[in-house]
Amino acid sequence: MRRIISVLMENEPGALSRVVGLFSQRGYNIESLTVAPTEDATLSRLTLTTIGDDHKIEQITKNLNKLIDVVKLVDLTEGSHIERELLLVKVRATGAQRDEVKRSVDIFRGQIVDVTSNMYTVQVSGTSEKLDAFLQALGEHTIMEVVRSGVSGIARGEKILSV
Amino acid sequence: MELLSGGDMLVRALQDEGVDLIFGYPGGSALHIYDAIFRQKGIKHLLVRHEQGATHSADGYARATGKTGVVLVTSGPGATNAITGIATAYMDSIPMVVISGQVPSDKIGEDAFQETDMVGCSRPIVKHSFLVKKAEDIPEVVKKAFYIASTGRPGPVVIDIPKDVTNPVDRYPYKFPEKLRMRSYTPAGKGHTGQIRKAVALLLSAKRPVIYAGGGVVQGDGSELLTELAQRLNYPVTNTLMGLGAYPGTDKRFLGMLGMHGTFEANTAMHHADVILAVGARFDDRVTNTPNKFCPGAKVIHIDVDPASISKTITADVPIVGTVQSVLNEMLEMLKASTDMPDQSAIVDWWRQIDDWRERHGLYTAPRYRTNGDMIMPQEVISAVHEITRGDAYVTSDVGQHQMFAAQYYRFDKPRRWINSGGLGTMGFGLPAALGVKAAYPDAEVVCVTGEGSIQMCIQELSTATQYNLPVKILCLNNQALGMVKQWQEMQYEGRLSNSVYEESLPDFIKLAEAYGHLGMKIEHRDELHGKLAEAFAIKDRTVFIDVYVDPTEHVYPMQVMPNGSMRDMWLSKTERT
Chain A
1 MRRIISVLME
11 NEPGALSRVV
21 GLFSQRGYNI
31 ESLTVAPTED
41 ATLSRLTLTT
51 IGDDHKIEQI
61 TKNLNKLIDV
71 VKLVDLTEGS
81 HIERELLLVK
91 VRATGAQRDE
101 VKRSVDIFRG
111 QIVDVTSNMY
121 TVQVSGTSEK
131 LDAFLQALGE
141 HTIMEVVRSG
151 VSGIARGEKI
161 LSV
Chain B
164 MELLSGGDML
174 VRALQDEGVD
184 LIFGYPGGSA
194 LHIYDAIFRQ
204 KGIKHLLVRH
214 EQGATHSADG
224 YARATGKTGV
234 VLVTSGPGAT
244 NAITGIATAY
254 MDSIPMVVIS
264 GQVPSDKIGE
274 DAFQETDMVG
284 CSRPIVKHSF
294 LVKKAEDIPE
304 VVKKAFYIAS
314 TGRPGPVVID
324 IPKDVTNPVD
334 RYPYKFPEKL
344 RMRSYTPAGK
354 GHTGQIRKAV
364 ALLLSAKRPV
374 IYAGGGVVQG
384 DGSELLTELA
394 QRLNYPVTNT
404 LMGLGAYPGT
414 DKRFLGMLGM
424 HGTFEANTAM
434 HHADVILAVG
444 ARFDDRVTNT
454 PNKFCPGAKV
464 IHIDVDPASI
474 SKTITADVPI
484 VGTVQSVLNE
494 MLEMLKASTD
504 MPDQSAIVDW
514 WRQIDDWRER
524 HGLYTAPRYR
534 TNGDMIMPQE
544 VISAVHEITR
554 GDAYVTSDVG
564 QHQMFAAQYY
574 RFDKPRRWIN
584 SGGLGTMGFG
594 LPAALGVKAA
604 YPDAEVVCVT
614 GEGSIQMCIQ
624 ELSTATQYNL
634 PVKILCLNNQ
644 ALGMVKQWQE
654 MQYEGRLSNS
664 VYEESLPDFI
674 KLAEAYGHLG
684 MKIEHRDELH
694 GKLAEAFAIK
704 DRTVFIDVYV
714 DPTEHVYPMQ
724 VMPNGSMRDM
734 WLSKTERT
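Protein chains in written order, with the working numbering: chain A, 1 to 163; chain B, 164 to 741.
FYI, nobody ran anything at the bench for these hints, they're computed from the structure. Ideal Cβ placement from N, Cα and C applies to all residues, glycine included. Be aware that one or more of the hints could be misleading.
[Unchecked claim] Computed beta-carbon distance windows for the label pairs:
#, chain 1, residue 1, chain 2, residue 2, range
1, B, Phe339, A, Ala41, 48 to 54 Å
2, B, Lys456, A, Ala41, 50 to 56 Å
3, A, Gly79, B, Gln394, 24 to 30 Å
4, A, Glu158, B, Asp269, 45 to 51 Å
5, B, Lys499, A, Val20, 47 to 53 Å
6, A, Ala41, B, Arg395, 53 to 59 Å
7, B, Ile271, A, Gly79, 40 to 46 Å
8, B, Leu735, A, Gly79, 53 to 59 Å
9, B, Lys342, A, Asn29, 48 to 54 Å
10, B, Ser661, A, Pro13, 42 to 48 Å
11, A, Asp53, B, Glu687, 54 to 60 Å
12, B, Gln203, A, Asp53, 32 to 38 Å
[Unchecked claim] Heads up, simulated DSS-like pairs for lysine-lysine below, C-alpha to C-alpha not over 30 Å straight-line:
#, chain 1, residue 1, chain 2, residue 2
13, A, Lys66, B, Lys230
14, A, Lys56, B, Lys230
15, B, Lys297, A, Lys72
16, A, Lys66, B, Lys695
17, A, Lys62, B, Lys353
18, B, Lys296, B, Lys370
19, A, Lys66, B, Lys703
20, B, Lys338, B, Lys270
21, B, Lys415, A, Lys66
22, A, Lys56, B, Lys270
23, A, Lys66, B, Lys475
24, B, Lys306, A, Lys72
25, B, Lys353, A, Lys159
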């Protein structure tokens, strides 16, 4: 099952490599990974998505918790949560395609953020599933380049992950 | 406030941390630190002959004393040579702080002379690591390193220090932190009382209980409590390779070691158990054999300080995260306060069954090995040494058949007496570890049980023994082959001895020992074994290399059937299977 694990860790050099190293060392896989400092400059927030059964996820969270730099973590998929990923895609758009692509972008509530005579650069955000669906809707032949940010997430309601 | 250079700060911080002994090897990037060591008196530094030796010596010191072992090496090859020893300590959860010199900060990343990314190289085999950026950070980093290394599940911590940081010219105010607060590191303390209560109830309901105790009981100083618990309940105890000595080896409730080369009674009792109390053990693959065939009828209580060890390979029915001491203490208090008792008739029946297993194939009721004319049997050597040292020696070991014979036949009654590389299985560990123990306890009898293969992996440390007058006994069970490799090749590869023999190339160990200034003694005949061993052990002021020629055809038994065997599936001899 796909899980989103959100980690608060010390904003120290080497901290990220310890997390990534843990995954390769223990044979866990990382689907996506995002990391950036938080409003408290001493802390970084890292969000990773991984796939595994309950036993594997338990081991992953236990071993992440064992890392000295990790302050706190939460498996967001255990409760209701908001998940966002940003997609930037360059799409071939000439002639009649231009309107067609524009319509798809509107349907997915995306934005065209750059234009050339042959191409649109489109920005869409949402769950990974939605981004997958958008790419599918575009059809392979029009896609020139895809960049995805990886998943960020936050719990719904009053639950917070902080020190 | 006093002004100190980075190098002096490091040495002072080590003193303030209570360090009195360092094992190390100097080199370019560590020279400022070495100069600071030269100019002080509180800390003794032992110069080893190879950085791997430094880590194993510090490791042996740590295992015997319970204190944190300290290593100092230079950058590049000094640091990478330490890697095997760091991994050894990591796998066995040994508290160790390894300080490595690094090239100057402005050279990092330039492929400078003797540069390696030590923090990167060591990352998967350390509990934590630090790259020191400023001299002012040194006291706090040292404090944190020792705290992390020695608390929770202990382990090695690396402190990598660029040369400019220890520069003697730049001086800074020195203050050693009295207290430490780390928001990201809170090692487990007391166990959950509700869980402990459940565990006690389950234990009391057991009809076929086994207490399975590992290295965590030794490391966590829980032996006395464990012994009290087992004796109070009259439950059988088995120890892992790492746990030997956690429960008195000669006590009648002790079933011997369990696992791949565990005793018939320990492995069989585990297989048939209805309740297993696992304490400071991690259900290693060398214990469980095939996990889905492991102890089919057992409920498992698992006490460990490391939550990640619990339900990793075998699911715990009652998991308890906490220090062995605090959890066992609480269990004992509950037992004392409780009016419930174990089912005595069931326990009597269980002991009757276990005694029957012991009688049939136990290692200690009768000799289970065949003698071979004038040949010395390796098991007899260990038993003889046990007798001569009255079971009171510190025994370090290398890795292979001799290690298993020592584990089986030197029946350790006390914790911290059996010092071996269990998790990583590092050949070359024994001799430097023995020197570390001897450095800690100069008056103790220290024996390194080794083989002619393992001893050659760190034999250069014979020179360290000479320099610092560390007289240990080196007991080489010489079977003229890589015995355990050969045993597997004979059992699983139709006897094709691929690269496990030396073809007449072995050195004369007696002359070699003498070349280093030690004594050498060769024992080849069965009838001279006891006499010569007694003679060797009567020598207290010299290192003695005892080269014992043992039956080269002997295998270690019992041996669990692999792959796909359960706990109770064992070879009992070359021809006998359970």
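Results of checking the hints against the structure:
| no. | hint | result |
| --- | --- | --- |
| 1 | B/Phe339 with A/Ala41: 48 to 54 Å | violated, 27 Å |
| 2 | B/Lys456 with A/Ala41: 50 to 56 Å | holds, 53 Å |
| 3 | A/Gly79 with B/Gln394: 24 to 30 Å | violated, 47 Å |
| 4 | A/Glu158 with B/Asp269: 45 to 51 Å | holds, 49 Å |
| 5 | B/Lys499 with A/Val20: 47 to 53 Å | holds, 49 Å |
| 6 | A/Ala41 with B/Arg395: 53 to 59 Å | holds, 54 Å |
| 7 | B/Ile271 with A/Gly79: 40 to 46 Å | holds, 43 Å |
| 8 | B/Leu735 with A/Gly79: 53 to 59 Å | holds, 54 Å |
| 9 | B/Lys342 with A/Asn29: 48 to 54 Å | violated, 41 Å |
| 10 | B/Ser661 with A/Pro13: 42 to 48 Å | holds, 46 Å |
| 11 | A/Asp53 with B/Glu687: 54 to 60 Å | holds, 58 Å |
| 12 | B/Gln203 with A/Asp53: 32 to 38 Å | violated, 55 Å |
| 13 | A/Lys66 with B/Lys230 | holds, 22 Å |
| 14 | A/Lys56 with B/Lys230 | violated, 34 Å |
| 15 | B/Lys297 with A/Lys72 | holds, 28 Å |
| 16 | A/Lys66 with B/Lys695 | violated, 51 Å |
| 17 | A/Lys62 with B/Lys353 | holds, 18 Å |
| 18 | B/Lys296 with B/Lys370 | violated, 59 Å |
| 19 | A/Lys66 with B/Lys703 | violated, 45 Å |
| 20 | B/Lys338 with B/Lys270 | holds, 29 Å |
| 21 | B/Lys415 with A/Lys66 | violated, 39 Å |
| 22 | A/Lys56 with B/Lys270 | violated, 41 Å |
| 23 | A/Lys66 with B/Lys475 | holds, 14 Å |
| 24 | B/Lys306 with A/Lys72 | holds, 23 Å |
| 25 | B/Lys353 with A/Lys159 | holds, 27 Å |
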